[in-house]
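Student: Just so you know, the sequences run in chain order A and B. The numbers in this note's numbering rise by one with no breaks, and the one at position 125 of the first sequence is 180. The numbers in this note's numbering rise by one with no breaks, and the one at position 204 of the second sequence is 220.
Quick caveat, the hints were computed from the structure, so don't treat them as lab data. Heads up, the beta-carbon is just placed ideally off N, CA and C, and yes, glycines get one too. Among the clues, some could well be false.
Claimed, not checked - A short list of chain B residues far from chain A (calculated; beta carbon distances all over 10 Å):
{"id": "1", "residue": "Phe32"}
{"id": "2", "residue": "Ala136"}
{"id": "3", "residue": "Met145"}
As the list claims (entries may be wrong) - Below, a list of computed lysine-lysine pairs in the DSBU-like style, where the Cα atoms sit at most 35 Å apart:
{"id": "4", "chain 1": "B", "residue 1": "Lys129", "chain 2": "A", "residue 2": "Lys257"}
{"id": "5", "chain 1": "A", "residue 1": "Lys257", "chain 2": "B", "residue 2": "Lys159"}
{"id": "6", "chain 1": "A", "residue 1": "Lys186", "chain 2": "A", "residue 2": "Lys95"}
{"id": "7", "chain 1": "A", "residue 1": "Lys172", "chain 2": "B", "residue 2": "Lys129"}
{"id": "8", "chain 1": "A", "residue 1": "Lys228", "chain 2": "B", "residue 2": "Lys129"}
{"id": "9", "chain 1": "A", "residue 1": "Lys257", "chain 2": "B", "residue 2": "Lys42"}
{"id": "10", "chain 1": "B", "residue 1": "Lys42", "chain 2": "A", "residue 2": "Lys249"}
{"id": "11", "chain 1": "B", "residue 1": "Lys129", "chain 2": "A", "residue 2": "Lys261"}
{"id": "12", "chain 1": "B", "residue 1": "Lys285", "chain 2": "B", "residue 2": "Lys195"}
{"id": "13", "chain 1": "A", "residue 1": "Lys223", "chain 2": "B", "residue 2": "Lys247"}
{"id": "14", "chain 1": "B", "residue 1": "Lys42", "chain 2": "A", "residue 2": "Lys242"}
{"id": "15", "chain 1": "B", "residue 1": "Lys292", "chain 2": "A", "residue 2": "Lys249"}
{"id": "16", "chain 1": "A", "residue 1": "Lys228", "chain 2": "B", "residue 2": "Lys247"}
{"id": "17", "chain 1": "B", "residue 1": "Lys137", "chain 2": "A", "residue 2": "Lys261"}
{"id": "18", "chain 1": "A", "residue 1": "Lys223", "chain 2": "B", "residue 2": "Lys25"}
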Amino acid sequence: MIIAQQKPIKEIAAMIADCKKVLLAGCQGCVAVCLAGGDKETEILASALRIMRKLEGNPLEAVTYAATRQCDPEYIVPMDDLVKDVDAVISLACGVGVQYVAERYPDKWVVPALDTKFIGGSTVHGVWEEKCGLCGECILHRTGGICPIIRCSKSILNGPCGGSQYGKCEVSKDVDCAWQLIYDRMKALGRLDKMMEIQMPKDWSKSRDGGPRRAVREDVIIE
Amino acid sequence: MKYLSKLHKILEDGNFAVTAEIGPPKHASAHGIRHHAEMLRDYVDATNITDCQTAIVRISSIASGVHILDCGIEPIVQMTCRDRNRIAIQADLLGAYSLGMRNVLCLSGDHQKFGNHPTAKNVYDVDSMQLIYLLRRMRDEKKFFSGEEIKEHEPRFYIGAVANPFADPFEFRVDRLEKKVEAGAQFIQTQCIFDMERFERFMEMVRERGLDQRVHILAGITPLKSWRAAKYLQTGVSSMLVPDSLVERLKNAEDQKREGIEVAIEQIKYIKEKVKGVHGVHIMAIAWEEVVPEIVERSGLYPRPKVDLE
Ligand code: SF4
Ligand code: SF4
């Protein structure tokens, strides 16, 4: 899922400093699961902003709504009435949601409350870790199910580099060396010979390359 | 045999090679580089020029290489994968070759986190293994990295790589060296050796696989200025192994700098006489280039062979 975290409240407040009334739009998708932009977080942020502005002697009217998800335009439609008389919409969705909201309301000031960080999952409650770099051409079958693109600090395809020691990456004692993990797994699977194949450079045209990427399924497109 | 560089000939002739390292400065004057080059000229066969080592901005390795060449030393241009994509790497290396540089050392490069621009975006479009392979293919098959044909004047580098016997997993270090040799590495410079026992175990495995017959290995030697420097490398730098006994020896020495030089000389003599399969030393006197001549001379490696490639 997409992992996001809330921006510092001061930054959010600064984005809507000249507004009298705002809509805080939460999302029940990924950002609710990672405790950044669901129902609860939306309500808490709304009260925090109200209190802050009240203390400044410049009260803010803040209404809230939590969409099923904001990355599908149809789930944004129900917000139409709420959006009408606000000066701005604060979206607590990932960057996709913020953009869909902005697209639907061309005359509204739409701002992000979250920093969209990465896709990954939780390791323990309250800790999330990046697992996939969305490279566009998965190579997990060549690396024992461990992604070197995003989990190796240098995205090396023929690791481990000379910085790997005691299972950790050279960048920090808190970061596992992805290639040590790959090595251990390949060894356990009796496939160390795979590690001797020279992996060629990736085709980055399948990744972030210039212009948005698109995925098309002709068979399900409705004319 | 047509030699690709002076270093290539020295190693192929079976000489025990001596290379050293010159670190470019954090400003725009080449005065220091030239000063060090003059000083080292008669004592080494070639010098590495680091490529923004530890991710600190310095004069580029290729620009420094021009100064070094001008002072009469053969440069070994270091090329890291951290700062350039495959287009920039090729462009820079075509340029380096056109400027007379003949040796290139391929490495991943230290992560930017440790440098003076920790907020930079790293590149790592290709890794060191791919770089070795693609440079060899450029030379032997006249192809750009993309596979497109190089119509004429392909760069013909003598290709080097690094090996770190002190990194983990230890068993894989010799495998990875073999992989680099398969990719096209012709000479190898190792990480600074402080733990001789581990280095000897590494070399034993290298010999068992006959890799010393396929690639020239230069042992990395770093003279230490003080016990604090030793301690720092022991605890603060990943991928180094510094035995306590060495830290103690420096700590107990009356003159730590002299002791550091003595240790380096002992190591070189030991490696040259006792460790089979090593074909030279690579002296990395970090910010201490001026001690290299003494180390070379007292290790019995002076004078250096005269080489005429023509
Ligand atoms: S290889 Fe690519 S698609 Fe597969 S997990 Fe890694 S980044 Fe994601
Ligand atoms: S130490 Fe491991 S994870 Fe870190 S950059 Fe090197 S190979 Fe990648």
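Student: All hints are to be evaluated individually against the structure, with a verdict given for each.
Tutor: Structure-based check of all given hints:
For Phe32 (chain B), the requirement that its beta carbon stay farther than 10 Å from each beta carbon of chain A is met, with the minimum near 24 Å. In this structure Ala136 (chain B) is separated from chain A by more than 10 Å, as the shortest Cβ-Cβ distance comes to about 13 Å. In this structure Met145 (chain B) is not separated from chain A by more than 10 Å, as the shortest Cβ-Cβ distance comes to only about 4 Å. The straight-line distance between the Cα atoms of Lys129 (chain B) and Lys257 (chain A) is roughly 24 Å, inside the 35 Å bound, and the hint therefore holds.
A distance of roughly 18 Å separates the Cα atoms of Lys257 (chain A) and Lys159 (chain B); the hinted pair therefore holds under the 35 Å criterion. Restraint check for Lys186 (chain A) and Lys95 (chain A): satisfied, since their Cα atoms lie roughly 26 Å apart, inside the 35 Å limit. This hinted pair checks out: Lys172 (chain A) and Lys129 (chain B) have alpha carbons roughly 19 Å apart, not beyond 35 Å. Restraint check for Lys228 (chain A) and Lys129 (chain B): the C-alpha separation of about 13 Å stays at or below 35 Å, so the hint holds.
This hinted pair checks out: Lys257 (chain A) and Lys42 (chain B) have alpha carbons roughly 33 Å apart, not beyond 35 Å. For the hint linking Lys42 (chain B) to Lys249 (chain A), the alpha-carbon distance of about 42 Å lies beyond 35 Å, and the restraint is violated. Only pairs whose Cα atoms come within 35 Å are accepted, and Lys129 (chain B) paired with Lys261 (chain A) is accepted, the gap being roughly 27 Å. Taken as a hint, the Lys285 (chain B) and Lys195 (chain B) pair is honoured in the structure, with Cα atoms around 29 Å apart against an allowance of 35 Å.
As the CA atoms of Lys223 (chain A) and Lys247 (chain B) are separated by approximately 20 Å, the hinted pair is consistent with the 35 Å bound. A hinted pair counts as satisfied when its Cα atoms are at most 35 Å apart, and Lys42 (chain B) with Lys242 (chain A) does not qualify at roughly 44 Å. Simply put, Lys292 (chain B) and Lys249 (chain A) have alpha-carbon atoms about 30 Å apart, close enough for the 35 Å limit, and the pair holds. At most 35 Å may separate the alpha-carbon atoms for a hinted pair to count; Lys228 (chain A) and Lys247 (chain B) meet this at roughly 18 Å.
The suggested pairing of Lys137 (chain B) with Lys261 (chain A) holds, with an alpha-carbon distance near 20 Å, which does not exceed 35 Å. Annotation: proposed proximity of Lys223 (chain A) to Lys25 (chain B) is violated, straight-line Cα distance about 39 Å (limit 35 Å).
Checked against the numbered hints given earlier, the structure breaks hints 3, 10, 14, 18 and satisfies all the rest.
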